[in-house]
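Enquirer: Here is what each chain is made of, one letter per residue.
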Amino acid sequence: MKPPAFTYHRPATVAEAVEVLADLGADGKVLAGGQSLVPVLNMRLAAPKHLVDINRLGDLAYVATGAEMVRVGALARHTQTERDEDAFATLPLLRRATRNVAHPTIRNRGTTVGSIVHADPAAELPAVLLLSDGEVELASAAGSRTVPAAEFFLGPLESALRAGELAVAAGFRVPPPRTGSAWLEVSRRAGDYALCGLGLAVTLDTDGRTLRSARAAYISVGPTPVLVDLTDAVGGQPHDRADWAAAGGLAASRVEPDDDIHATADYRRHLVRVLTQRAGRTATAEAIRLAGAGEGSDG
Amino acid sequence: MAEATHDVRLTVNGVPHTVSVPARRLLADCLRHDLGYTGTHVGCEHGVCGACTVLLDGEPVRSCLLFAVTADSAEVTTMEGCRAGDGGLGPVQRAFSECHGLQCGFCTPGFVTTVTAYLRENPDPTAEEAREAIGGNLCRCTGYQNIVASVLRAAQILREEPS
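Sequence order for the protein chains is P and B. According to this note's numbering, the first sequence is numbered sequentially starting from 1. According to this note's numbering, the second sequence is numbered sequentially starting from 1001.
Keep in mind that the hints are not guaranteed to be accurate.
Claimed, not checked - Simulated restraints on C-beta separations:
1. P/Ala-22 to B/Gln-1145: 54 to 64 angstroms
2. B/Val-1015 to P/Gly-292: 52 to 62 angstroms
3. P/Ala-246 to B/Gln-1156: 48 to 58 angstroms
Unchecked claim - Facing chain B, according to a computed beta carbon distance under 10 angstroms, are these residues of chain P, among others:
4. Met-1
5. Ala-67
6. Glu-68
7. Ala-122
Unchecked claim - What the simulated footprint calls covered on chain P by chain B, stretch by stretch (three residues with Cβ under 8 angstroms from a Cβ of chain B suffice, anywhere in the stretch; the number is not a length):
8. 104-113
9. 149-156
I should point out that these hints are in silico values taken from the structure, not numbers from a laboratory. Given the structure is predicted, the values throughout are model-derived calculations rather than measurements. Built from N, CA and C at the ideal position, the CB exists for glycine as well.
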């Protein structure tokens, strides 16, 4: 198992990178952490003619937390994102989800943005991006554009990224006050792809008692991560009597998992139902804590 | 037409090397075939087994998922670099030997490099944390009990005999 031959490019700046990518068009493929791409090459499932290595674009190795967005540059490794304390304080779901990405050794090399662009429906970060109403910043020789998460994931391993474009950053939106979150997934072994997983966020009303909204994004149960608004099932209910079973039922009716060698579609749907209830209660407990800790003013 | 090659500078276990390799040469193969560091073992070649783990600028990475050319100018530590200063067994290697943390030994280089880096960050892990730390390395012989014991023993040795 050796990768097929390719021509190697190592641009020193983003400007140079997009110029090279523009020249190469559909023949060019970006190499960042390579933790998904290199296995694909080793197994010869793909044979791009040119690889554009962005590992020297050190300016893109950042995690920047602002009032509205947590921005992660294209060269931030999972480990950097996971350890960033400002990002954790603002958007704890990002760390919780990232800790479920493969193993620490893989996270030392793989990148947050690379995982999003790879658009694997079993991957954690696309779901976090979707749940947070995030966006992807794309640069090209023709200019830049920003694509909302809701329009970015088109199918399995298929994103809105066009030939000649470089994803330079992902932006995760900071949740409103009194929002608690949880990440849960079930896999055969620690670090394996999830049979089913979800990120869930609950926002309480200013009274700190009533559920204002609840949403979840599910992985491994469809061709892309699946966002489900659970507010219809639990919105307006007091947090200690919220009908999470109904929320689980609602979510199960919205996903279309497939059978594969790891699990049946029925089992995955069962997991959606059960994990929604567990994550709902966990996220609610955090929202209550945050509401009590003086995040009472409406945002 | 001959495949183009690239000059790659690597410092392996403190020794500088320059090697001319095709872009598709994996770091694992570069270490083994071009530079002779055969302590790095190649198992699955797609990032699952962990046998090829080396330290890249101090952090564990899969050398089968990295092109040598991408690692240009980096410091690499392999199994050979985990030896003691006098050439004998290093602290993590000693722990694996004492605790019978290996049988066939194929996976051991990946464990030793991973555990060496892990204990720098967490010098006093619980058994549960030790298990988590080696979660990305597969061993088909031992059943892991003695490997977990080896991690805890290595931590003890390092605390008693700081290098």
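Enquirer: So, for every hint listed, does it hold in this structure?
Expert: Evaluated hints:
1. Range check, P/Ala-22 to B/Gln-1145: Cβ separation about 55 angstroms, and the 54 to 64 angstroms hint holds.
2. Taken as a hint, the range 52 to 62 angstroms holds for the pair B/Val-1015 and P/Gly-292, whose Cβ atoms sit roughly 58 angstroms apart.
3. At roughly 52 angstroms, the beta carbons of P/Ala-246 and B/Gln-1156 sit within the given window of 48 to 58 angstroms.
4. Hint on P/Met-1 holds. Least Cβ distance to chain B is approximately 4 angstroms, under the 10 angstroms limit.
5. Nearest Cβ of chain B to the Cβ of P/Ala-67: about 32 angstroms, over the 10 angstroms cut. The hint is violated.
6. Because the closest C-beta pair between P/Glu-68 and chain B is about 32 angstroms apart, greater than 10 angstroms, the hint is violated.
7. The criterion of a C-beta within 10 angstroms of any C-beta in chain B is not met by P/Ala-122, whose closest approach is roughly 15 angstroms, and the hint is violated.
8. With 5 residues carrying a beta carbon less than 8 angstroms from a beta carbon of chain B, the region 104-113 of chain P meets the three-residue requirement, and the given coverage holds.
9. Three residues within the 8 angstroms Cβ limit are the bar, and the region 149-156 of chain P against chain B gives 0, so the coverage statement is violated.
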